[in-house]
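Visitor: Protein chains in written order, with this note's numbering: chain B, 654 to 989; chain C, 9 to 314.
None of these hints come from the bench; they were simulated from the model. Where a beta carbon is used, it is the ideal one built from N, C-alpha and C, also for glycine. Careful, some of the hints might be misleading.
Stated by the list, open to error - Covered stretches of chain B (chain C as the covering partner; in silico rule of three or more C-beta atoms under 8 Å from a C-beta of chain C):
#1 758-768
#2 815-821
#3 884-897
#4 905-916
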Amino acid sequence: MQTPANAGRLITPAMVGVGLLLVTVPFWITSAGLYQYIGVEILIWAIYALGFNLLLGTAGLPSFGHGAFFGIGAYAFGLTQFHVAANLWVCLLGGILAASLAGALVAAFVARRRGIYFAFLTIAFGQVFWFIAMKARDLTGGEDGLLPIARLPVDLGFVSFDLSDNVALYFFVLVLFLLTVVALWRLTYSPFGRILSAIRQSELRAAHLGYRVVLFKMLAFIVSAAFAGLAGSLFAMAQGGAFPEVMALHYSGYIVMMVLVGGGLVSFWGPVVGVVVFLLARDLLGAVTLTWMLWFGLLFVAVILFRPEGIAGVFQDLRRRLTRRATPQPAVRSTP
Amino acid sequence: MFTLIPFLINGLTLGLLFALIALGFMLIVGVMEQINLAHGSLFALGAYVAYAMLGPPLPFTGEVGAWWAALPLWLRYAVALIIAPCIVGLLGILIEQGMRRTYGKDPLFGLLLTFGAALVIEDLIRSIWGTRDYILPTPDAISGGFIALNLIWSSYRFFAAAAAAVFILLTWLLIERTRFGAVIKAGAHDSEMVRALGYDLAKLRIAVFAIGTMLAAAAGMIMAPIWGIRPHMGVDAVIPAFLIIVLGGVGSFWGAVIAGLLVGMVIGLTAAYASEWSLLSMYILLIVVVTFRSRGLFGKKSILEA
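So that you can see chain B by itself, here it is in the shape it has in the complex (with noise of 0.2 Å):
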């Protein structure tokens, strides 16, 4: 289980390199045989999957309507867009806000309840939300989705971006990701974080020891809203439209899967694993079969039956089990 002791340093060489690779993407993303645009759905999905995580893998709390906050954002980007200012950071502001009100209505009701009913209730709320998107045509253009959200240059006073382009908006997105990272990753591992994990291990120690279980429960549902708010605006902004599918139950279970099949129980990366995994099995596998699912879901009920710790926890495995035999060699090399 992923615990704040072995939280390491973010950045180490590893992340570096990592974080090289992820800089050079667009260059050699197309000749790699896949779409500019996956890049950028990596990012955002990322985003809300980092964000989800915190509820998931370290609060242990399982939210099967987190799709409702990622269309809110989305929905919220583009009515902000329409309605208020064409301005990015306002658009942004107004889908990281709606999704957080949102977060906070539906936590006030579920943060009392526990395992199923807590996942019993979220799905009601996703289903709730799915469904005013859905029946609320004037405002969000029901089934056909609330058209055309533009992609809104990045004004940042002195210079200006614009976005219209697929590698300028990778770039764009991946700065928010950064900061995603670094924002969820110093919360993972504050005092926030671990009393999150100990209410995982145990609500009922957590109380005990005095910790206030309902507000912590709480605040770990409105943060993770909040990114999902994020990632859905950016998904409104990059899409150029906001459509209620992303609000259905299903969506709700795919980001469950992703943040599983990557590993999000045990490691803080899990979810972007994930996130990578199931956008390149749905492009591959769907550019040779349509019920690619099938597929996916196959391997999904593998990890759930053999692996419950995911892709990450495998690479641990292997990782723990290099350093134990690689482990004497520096005692004898010790001894002069």
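Please arrange chain C on chain B, whose structure you already have, making use of the hints.
Guide: Chain C alone, transformed into the frame defined by chain B:
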């Protein structure tokens, strides 16, 4: 007031069907404390298998196919109502075999496993039958409509309500009036004791899962002519099912039936005033009830709360 009668009767019919959809789900939750999110997909599969048995083109050729096609529709329908759930039940047993590995772990794993199974079954359906809609043929005796109270009523809806009531009654008899039912209830309460008395709990669980799956498939076949056979029907079924279980209280048979009727009535009545929003009403109903009574209307304390 008089104009409300059709809505009330429709609500009651829908309620019985919802209760039937929820019943198999309830059995598995109540006895094994496992949430079977694949319930909706198994429900859909029941409808598709029934279509394969009744609708043209025939799924098998040769002598057997010709012999089967020559039988009158009502006979084929009656046979399909028994055989289709049995075929789907076999798949249920397969899921239970996988789920076995998650027993004793966080119930979240069972939930996720069945979510994965649901996706696999849905895509399996899509790869066999595609995404188009089908209509399940029904025997003449229960097709068409009749006029009463100056309104046209569909005969099939009454047949479906009656069939649902029969299945509900059979399930009740099985749980409350047989030795098997007594043992599975005891097993849910105290598995150690049941094992000590010499019952094979593993086999009991397989049986419960198979029966729950068969009820889902039967509900799917009964519901098919009303909803139409389409890929989305599984999701449309699993959500009311879990809603009804939470509303009625996990593990309570009559809770599920009453909650099913309640949800059906609420949908039926809101349909009279705001048809666009009638499905929303059941979510609101759930949120209100669970906020004030976390165990639902008739629920007892369950380990699912831990």
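Visitor: Next, verify each hint and record whether it holds.
Guide: Outcome of the hint check:
Chain C is given as covering the region 758-768 of chain B, and this holds because 5 residues of the stretch bring a CB closer than 8 Å to a CB of that chain, at least three being needed. Three residues within the 8 Å Cβ limit are the bar, and the region 815-821 of chain B against chain C gives 0, so the coverage statement is violated. Given a C-beta distance limit of less than 8 Å, the hint that chain C covers the region 884-897 of chain B is violated, as 0 residues qualify and 3 are needed. Under the rule that three or more residues need a Cβ within less than 8 Å of chain C, the assignment of the region 905-916 of chain B holds, with 4 such residues.
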